[in-house]
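Enquirer: Given next are the chains, with one letter for each unit.
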Amino acid sequence: MTNRLVDVRNLSVEFRSSGNLLQAVKGVSFHIDDGEIVALVGESGSGKTVSALSILKLLPYPAAHHPTGEIHFGGQDLLKAPPAAMQEIRGEKISIIFQEPMTSLNPLHTILKQVGEVMKVHHGLDDNTVREAVLELLRKVGLVDPEKRLNAYPYQLSGGQRQRVMIAMALANKPDLLIADEPTTALDVTIQAQILELLKNLQRETGMSMLLITHDLGVVRKMADRVYVMNAGEIVEEGKTADIFDRPQHAYTRHLLSAEPRGAPPSTDANAPVVLETENLKVWFPIRKGLLRKTVDYVKAVDGLSLKLRAGETLGVVGESGSGKTTLGLALLRLVSSQGPIAYIGKRIDGLTSRAMRPLRKEMQVVFQDPYGSLSPRLSVGQIIEEGLQIQSPSMDFDERRARVGAALKEVGLDADGQDRYPHEFSGGQRQRIAIARAMVLEPKFVLLDEPTSALDMSVQAQIVDLLRDLQRRHGLAYLFISHDLKVVRALSNYTVVLKNGRVVEEGSTEEVFANPREPYTRALLAAALDMAVVDRTAVAT
Amino acid sequence: MDTRVEDGVVPTVRKARIPSAWRRLLSLSPINRRRWRNFKANKRGYWSLRIFLALFAVTLFAEFISNDRPIIAYYKGEVLFPVLVDYPESKFGGFLAVTDYKDKLILEEIKEHGWAIWPPIGYSYNSINFDYPRIKNPTGQCLGFPGPPSWATNAELCEAPQDQLDRYHALGNRNWLGTDDQGRDVLARLIYGFRISVLFGLLLTIFSSIIGVTAGAVQGYFGGRVDLIFQRFLEIWSSIPSLFVLIIISSVLIPGFWTLLIVLLLFHWVYLVGVVRAEFLRGRNFEYVTAARALGLSDTRIMFKHLLPNAVVATLTFLPFKLSGSITALTALDFLGLGLPPGSPSLGELLAQGKANLQAPWLGLAAFISIAGLLTLLIFIGEAVRDALDPRKTFQ
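Residue numbers (the working numbering), protein chains in the order written: chain G, 1 to 542; chain E, 1 to 396.
I should point out that these hints are in silico values taken from the structure, not numbers from a laboratory. Keep in mind that a hint or two might mislead.
Derived, one-sided and incomplete: chain G residues facing chain E with beta-carbon distance under 8 Å [claimed, not checked]:
(1) L335
(2) R358
(3) R361
(4) V366
(5) G388
Under the rule of at most 20 Å between Cα atoms (straight-line distance), these lysine to aspartate or glutamate pairs were calculated in the EDC-like manner [what the hints assert, rightly or not]:
(6) G:K289 with E:D227
(7) G:K362 with E:E287
(8) G:K362 with G:D420
(9) E:K305 with G:D420
Built from N, CA and C at the ideal position, the CB exists for glycine as well.
Here chain G stands alone, though its shape is the one from the complex:
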């Protein structure tokens, strides 16, 4: 029998905040053996991150505390270990990588200093040895040109490179256990595939154990040996990865497994009126240099792009971050300045002033990615939704607006009474429905969907996709759907445009693009999104 590395028994976590007691984790038990990859799967708020952070005692004590539980590691109970002993373990025996590579590195320190610090703290090495060791590590995590990057600051690295540095830091002292908390959620699909491959290889090489926390079952299937499924603070099912995926026992696991966005977009009418059309659209941001701020060059966010969108049809725009997808959307709505004709139902809108645009805004709406950032926290849901009505139909009185807002909420599957509550009282999926209601209440003809599902849990994504498709069928909406998640694109778009560096590299009907991708870039995107595999490293960013 293999050796148990970590044994968590009957662990509970409670949070106390201003008199309220919140039970985040309710008596969970799990264990991790030597050299094993274990996954904790669950939706937001299921307590998976809290459980994992308890192992390192990284919760906000004393607001958090453990009514019951033992965590055995290396012959001691970590929950009872004194702070000094915990410091020995953190970063040395057990290390952790977080979701957000943007904020987990200190922006004021160079890569060498951040990675080297861990070694210095625990082993007291001298500068030259540290430098060599850091170089070795960076090479191991696949950072290109590690010598040049040593003195780089985090802002000079891309998201994927930062996550590699994070991994290097976590591995610096050859830990026995690596806790990976949603290590790829914030990354592009192509980079996700690369990072997962890297983690798997490193685990195989070093023989360490890994605790993987994720909501993405695709990641679990690719990575984990064993799986614990968490729901509402409890472990509802555990087993070997293959068993869980083939024969899920618990209803919740089955619900998770069936939650992938599926279905196909409604068929379209090739003679439907063209809602939005643009030709050779350019969004160039000038780079100014020198005392007189002379323009020396441009950042070409969108560079000569043409598209045509008919009523009732969805155009999917895919690409990695930085490919100009969002800028394209904002330019079409005239929220950033651009060059090139944009026509809305046959009428040129690219020269209109913001006052002249105002009546058109009613018909061109937008839904953003982050349902937490796109709703003002200080307004009630009703106030948020009615705002557009107040501008676009100023003659409407209070009761009439209320009725319209209620109807819009019902249409997106929420309770009409919800309009007197505040956004923070809703979950992420519900908030995204509110954001959709804000767009729908104006009865638009064209809706820009800017990654509307990528901040949401997998099962919620499927619901939002169904809702969007339903709304489109009912109102004959034209969607411009921006996403890096090709699964969702396949479920929603009739046509797909693949963007790279502001230019179209491939376009065609969605079926065609997915079945016979012509460009290596498209192939790499597809492999990464659908199989989490890495193909053709040269075609995509690192």
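For this one, chain G is given, so just place chain E on it according to the hints.
Expert: The following block gives chain E in isolation, referenced to the frame of chain G:
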């Protein structure tokens, strides 16, 4: 991680609140309710606020508490309100344009034909106690003003007619904190001085906040060249030595309440600009601001409805401190004799008198204690407000 933990807290079903446009206007949002709770939990700040508001409310009605004319008088079958109405003295058989109710003849006339209800303190800020009989010093000389509070000295009084002494000893005519060097009641001057200081401070704070927030909002929202030029202007403007400019201006303009307010406003509005500008710079890239632009909202509306609330917290935190700063500024100018016109009740002027009359410690002490007390209350309130608005405070 926070948001995800919060996600679990969200109760999926909750009874709807009673919909009403009024209720929405009146009720505090949950976050503000929590802030108010936090504020009340800070006992020191909460009590400071209560004491300050009580003092402010009382001094707002200073005319009814401390005045040299009756609140209500009944004279020859007529009910009169001398506090509110200037009756000519001819009504009582005299000859002055405005009645001097402290005059012996008028007092007797009213007593004979009716009655009068006096405020608890029988002096206004500018009324001189003519009944003061003067006190003797140890060598037997009769001293003039400033006169000590009667309870604080056992020196003998100089000789005076009996009816004058009777009036001097009447309860409503006592100088509880003595008189200043012109024979005016110190307590009355404190009450009026407190009111004028707080009102001046409030007006200065409100006006400078309005200007500062507007300027900061415009700068932060539009950014770019507007921001750049304005920022340079602010740097120059705020490095002008304001005290010297004030001295120069006060030698040209006749100092009054409003001229002083405007002159101080010139230099006080800059302090909030930086804070508000930073909040707007941060806020203008929020997704809900872009969403609002996509809804067709105008710039002004976005600034007011979506961005200003973000800046309010930062502004509110500064307000009590700004209020105490404004009061200090006025007091300092009065102390230097550059402030309110001579004769106005002012804490700074009283302080200057205390400095000039070290033999009369009740002047300096009264001024010092009231100024220190007022500023302390405001600072305590400010601390409590700052802590209540601090989002990180919620964990404790």
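Enquirer: Decide, hint by hint, whether the structure agrees.
Expert: Status of the hints after comparison with the structure:
1. L335: holds (6 Å)
2. R358: holds (4 Å)
3. R361: holds (3 Å)
4. V366: Given a least distance of 5 Å, the restraint on V366 (chain G) holds.
5. G388: holds (4 Å)
6. G:K289 with E:D227: With a Cα-Cα distance of about 19 Å, the restraint between K289 (chain G) and D227 (chain E) holds, given a limit of 20 Å.
7. G:K362 with E:E287: holds (18 Å)
8. G:K362 with G:D420: Violated, because 24 Å separates the two Cα atoms, which is more than 20 Å.
9. E:K305 with G:D420: holds (17 Å)
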